[in-house]
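Q: Chains A and B, in that order, are what the protein sequence lines are. Counting from 1, one number per residue, gives the positions in the first sequence under the UniProt record's numbering. Counting from 1, one number per residue, gives the positions in the second sequence under the UniProt record's numbering.
I should point out that these hints are in silico values taken from the structure, not numbers from a laboratory. One should not assume that every hint holds.
With a straight-line cut-off of 25 Å between C-alpha atoms, the simulated SDA-like cross-links for lysine to any residue are [said to hold, decoys possible]:
(1) Lys63(B) <-> Met1(B)
(2) Lys63(B) <-> Ala113(B)
(3) Lys178(B) <-> Glu153(B)
(4) Lys63(B) <-> Val242(A)
(5) Lys178(B) <-> Met202(B)
(6) Lys178(B) <-> Pro64(B)
(7) Lys178(B) <-> Ser188(B)
(8) Lys178(B) <-> Asp145(B)
(9) Lys63(B) <-> Ala249(A)
(10) Lys178(B) <-> Thr208(B)
(11) Lys63(B) <-> Pro200(A)
(12) Lys63(B) <-> Gly162(B)
(13) Lys63(B) <-> Asp18(B)
(14) Lys63(B) <-> Arg93(A)
(15) Lys63(B) <-> Ser40(A)
(16) Lys63(B) <-> Arg247(A)
(17) Lys178(B) <-> Ser41(B)
(18) Lys178(B) <-> Ala113(B)
(19) Lys63(B) <-> Asn49(A)
(20) Lys178(B) <-> Arg220(B)
(21) Lys178(B) <-> Gln74(B)
(22) Lys63(B) <-> Val186(A)
(23) Lys178(B) <-> Arg69(B)
(24) Lys178(B) <-> Thr261(B)
(25) Lys63(B) <-> Ile241(A)
(26) Lys63(B) <-> Glu110(B)
(27) Lys178(B) <-> Gly162(B)
(28) Lys178(B) <-> Val211(B)
(29) Lys63(B) <-> Glu245(A)
(30) Lys178(B) <-> Glu110(B)
(31) Lys63(B) <-> Asp23(B)
(32) Lys63(B) <-> Gln74(B)
(33) Lys63(B) <-> Met1(A)
(34) Lys63(B) <-> Gly82(B)
(35) Lys63(B) <-> Gly102(B)
(36) Lys63(B) <-> Gly218(A)
What the simulated footprint calls covered on chain B by chain A, stretch by stretch (three residues with Cβ under 8 Å from a Cβ of chain A suffice, anywhere in the stretch; the number is not a length) [claimed, not checked]:
(37) 42-53
(38) 76-88
(39) 208-217
(40) 227-240
Ideal Cβ placement from N, Cα and C applies to all residues, glycine included.
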Amino acid sequence: MIDLVRSEWIKLHTVRVNYVLGIIGAAFPLIVVVLVAALSGEPELRFGNDLVRIVIDTMVISAILFGVIGALNLTSEYSHGTIRTTFAAVPQRATLLLVKAGVSLAATTIFATIVMIVTYGIGAIILSGRNAQLSIDGNGRTALIGIVILCGMLSLFGYGLGLIIRNSAATVAVFILWPLLLENIVRGVLSASGVHNPTPWLPYQSAFAMASSELGPGDPSRLHGGLYLGAVVVVIIAIGIVVNERRDA
Amino acid sequence: MIEIRGLTKRFGRTLAVDDLSFDVNPGRVTGFLGPNGSGKSTSMRCMLALDRADAGTALFDGKPYTSIRRPLFQVGALLDAGYVHPGRTARNHLRAVAASNGIGTSRVDEVLALVGLTEVARRRVGGYSLGMRQRLGLASVLLGDPHTVILDEPANGLDPEGIRWIRDVLVHLAAQGKTVLVSSHLLSEMAQMADDLVVIGMGRLITTASVEDFVSQHARQWVRVRSPQIDLLAQQLRSDGATVTSLDATGIEVVGVPAATIGDLAARHGATLHELSPLQGSLEDAFLEATAATQQYRGVPSEPSPPPPLPAGSALPPPQGEPR
Numbered sequence: 001m002i003d004l005v006r007s008e009w010i011k012l013h014t015v016r017v018n019y020v021l022g023i024i025g026a027a028f029p030l031i032v033v034v035l036v037a038a039l040s041g042e043p044e045l046r047f048g049n050d051l052v053r054i055v056i057d058t059m060v061i062s063a064i065l066f067g068v069i070g071a072l073n074l075t076s077e078y079s080h081g082t083i084r085t086t087f088a089a090v091p092q093r094a095t096l097l098l099v100k101a102g103v104s105l106a107a108t109t110i111f112a113t114i115v116m117i118v119t120y121g122i123g124a125i126i127l128s129g130r131n132a133q134l135s136i137d138g139n140g141r142t143a144l145i146g147i148v149i150l151c152g153m154l155s156l157f158g159y160g161l162g163l164i165i166r167n168s169a170a171t172v173a174v175f176i177l178w179p180l181l182l183e184n185i186v187r188g189v190l191s192a193s194g195v196h197n198p199t200p201w202l203p204y205q206s207a208f209a210m211a212s213s214e215l216g217p218g219d220p221s222r223l224h225g226g227l228y229l230g231a232v233v234v235v236i237i238a239i240g241i242v243v244n245e246r247r248d249a
Numbered sequence: 001m002i003e004i005r006g007l008t009k010r011f012g013r014t015l016a017v018d019d020l021s022f023d024v025n026p027g028r029v030t031g032f033l034g035p036n037g038s039g040k041s042t043s044m045r046c047m048l049a050l051d052r053a054d055a056g057t058a059l060f061d062g063k064p065y066t067s068i069r070r071p072l073f074q075v076g077a078l079l080d081a082g083y084v085h086p087g088r089t090a091r092n093h094l095r096a097v098a099a100s101n102g103i104g105t106s107r108v109d110e111v112l113a114l115v116g117l118t119e120v121a122r123r124r125v126g127g128y129s130l131g132m133r134q135r136l137g138l139a140s141v142l143l144g145d146p147h148t149v150i151l152d153e154p155a156n157g158l159d160p161e162g163i164r165w166i167r168d169v170l171v172h173l174a175a176q177g178k179t180v181l182v183s184s185h186l187l188s189e190m191a192q193m194a195d196d197l198v199v200i201g202m203g204r205l206i207t208t209a210s211v212e213d214f215v216s217q218h219a220r221q222w223v224r225v226r227s228p229q230i231d232l233l234a235q236q237l238r239s240d241g242a243t244v245t246s247l248d249a250t251g252i253e254v255v256g257v258p259a260a261t262i263g264d265l266a267a268r269h270g271a272t273l274h275e276l277s278p279l280q281g282s283l284e285d286a287f288l289e290a291t292a293a294t295q296q297y298r299g300v301p302s303e304p305s306p307p308p309p310l311p312a313g314s315a316l317p318p319p320q321g322e323p324r
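Bound conformation, chain A alone (with noise of 0.2 Å):
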């Protein structure tokens, strides 16, 4: 299992596209934090949940983007033919696409916890220089937390839908329309079938409550967007892996 995990920690690390969009992911919450807080006006940004709430905006980013990451981590798989010399090298191809869904997994929430690290300590240290209150209550610090679980999630989700369509433009595309378009025609639907309030019922959006450091009335509990988030992500991978076991590769 640990050469799995290396192999797969290998194919993750040493493509370029994945450096790019970390990269992206990682500078763009960082540098609208620091533009924000060195140049914002006082009242703007006075205390530490106002730090937390801009660090969780601008992540929400970087987490679509750890998404196309862990949907490119296997589309491209098939795109350049690779997924053949993968599967000719470990047969058994329930455990490889685990392990990869797990490399991903463990690459996105540790890059996105570090992300969120850097970015509230620097946002924080230009703050503190501003006079701000930088406490943060319970709330803030699980919204925190949140963010990050919401990144390796999506890196799931962005994965498990390559595993079912395998094409890397249709996957990403397919990845960034849910929320947009397909979550939003549910909600349509189920605003016209009489449901009061749609969005515990939609899995990306209800989500966001876990990042979310001050919930609305409306709003699903935190547990419950991971936790449907959760089961959704679960099901599509065990459907691609059941497709790909099948499948020709």
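Position chain B relative to chain A; hints supplied.
A: Same frame as chain A, now just chain B:
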């Protein structure tokens, strides 16, 4: 040893591989031949469980491929040199493949040296020529020093030196007792390196035989005779039922009578022989003959251009063949 039994693969309504059975023995290079679309590559993918066979089994030393742990130590396969991420360096590609089977980086460097890619190992594969990719593919095959080697068109894109090199490698592997199955369209190469042949057409087995037997069964055989008394000999051979074609004033080609019989005939009639050469068609001739009924994709023969006028006194070029 590879044992294929009843291997069958469908793509929709197309029967790509039809109840294919054959053995590939250790210590010999076995050529896997068939026209385009005959199912060679599909068969190889089914053997490695990359394509899911609809029926049949492929066993490597008695085991199906999917039950082999760390298969790189038992079976090395190169199905397509293009199965490499172009953004990854050759060394990193091999490191990833090797790591999956617990093979260390030192072996990666060894095989890179073996295939002559050490100097370019840290370059991205996207910049490699097809020949360099073939070498990289072969390096991947050699990683685990496997007992069995399966190669699909390994000479594609190689220069003459590379073709000779891969031939030597495969012959060397077979001499070490390894099982080598290789498909190639370069029949002249196959004739030089293969011991046995598995020939398929439209997914079905046509024949399995040693190269010599295959050629002698399927290629035309004839005898070239030159003699000052050629008309006499031609007349006698025709009356004995042989097919005789005149080459020039002193030469004929004879089909249907062995050279020894012609020699005896010449002696009986006091004819002087200047040449008595048993000839045989090439592996290519034998292959085309054996697979004629199963060629799916065939070009339309172009209109022959008129031959240039021959200089006075010159003979027609003899048909191509190899002296036995």
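Q: Determine for every hint whether it applies to the structure shown.
A: Consistency of the hints with the structure:
| no. | hint | verdict |
| --- | --- | --- |
| 1 | Lys63(B) <-> Met1(B) | holds, 10 Å |
| 2 | Lys63(B) <-> Ala113(B) | violated, 32 Å |
| 3 | Lys178(B) <-> Glu153(B) | holds, 19 Å |
| 4 | Lys63(B) <-> Val242(A) | holds, 23 Å |
| 5 | Lys178(B) <-> Met202(B) | violated, 29 Å |
| 6 | Lys178(B) <-> Pro64(B) | holds, 18 Å |
| 7 | Lys178(B) <-> Ser188(B) | holds, 22 Å |
| 8 | Lys178(B) <-> Asp145(B) | holds, 10 Å |
| 9 | Lys63(B) <-> Ala249(A) | holds, 21 Å |
| 10 | Lys178(B) <-> Thr208(B) | holds, 19 Å |
| 11 | Lys63(B) <-> Pro200(A) | violated, 51 Å |
| 12 | Lys63(B) <-> Gly162(B) | violated, 33 Å |
| 13 | Lys63(B) <-> Asp18(B) | holds, 22 Å |
| 14 | Lys63(B) <-> Arg93(A) | holds, 17 Å |
| 15 | Lys63(B) <-> Ser40(A) | violated, 68 Å |
| 16 | Lys63(B) <-> Arg247(A) | holds, 22 Å |
| 17 | Lys178(B) <-> Ser41(B) | holds, 21 Å |
| 18 | Lys178(B) <-> Ala113(B) | holds, 21 Å |
| 19 | Lys63(B) <-> Asn49(A) | violated, 61 Å |
| 20 | Lys178(B) <-> Arg220(B) | violated, 33 Å |
| 21 | Lys178(B) <-> Gln74(B) | holds, 10 Å |
| 22 | Lys63(B) <-> Val186(A) | violated, 50 Å |
| 23 | Lys178(B) <-> Arg69(B) | holds, 19 Å |
| 24 | Lys178(B) <-> Thr261(B) | violated, 43 Å |
| 25 | Lys63(B) <-> Ile241(A) | holds, 24 Å |
| 26 | Lys63(B) <-> Glu110(B) | violated, 29 Å |
| 27 | Lys178(B) <-> Gly162(B) | holds, 21 Å |
| 28 | Lys178(B) <-> Val211(B) | holds, 18 Å |
| 29 | Lys63(B) <-> Glu245(A) | holds, 19 Å |
| 30 | Lys178(B) <-> Glu110(B) | holds, 20 Å |
| 31 | Lys63(B) <-> Asp23(B) | holds, 14 Å |
| 32 | Lys63(B) <-> Gln74(B) | holds, 11 Å |
| 33 | Lys63(B) <-> Met1(A) | holds, 22 Å |
| 34 | Lys63(B) <-> Gly82(B) | violated, 28 Å |
| 35 | Lys63(B) <-> Gly102(B) | holds, 21 Å |
| 36 | Lys63(B) <-> Gly218(A) | violated, 59 Å |
| 37 | 42-53 | holds (count 6) |
| 38 | 76-88 | holds (count 10) |
| 39 | 208-217 | violated (count 0) |
| 40 | 227-240 | violated (count 0) |
Checked against the numbered hints given earlier, the structure breaks hints 2, 5, 11, 12, 15, 19, 20, 22, 24, 26, 34, 36, 39 and 40 and satisfies all the rest.
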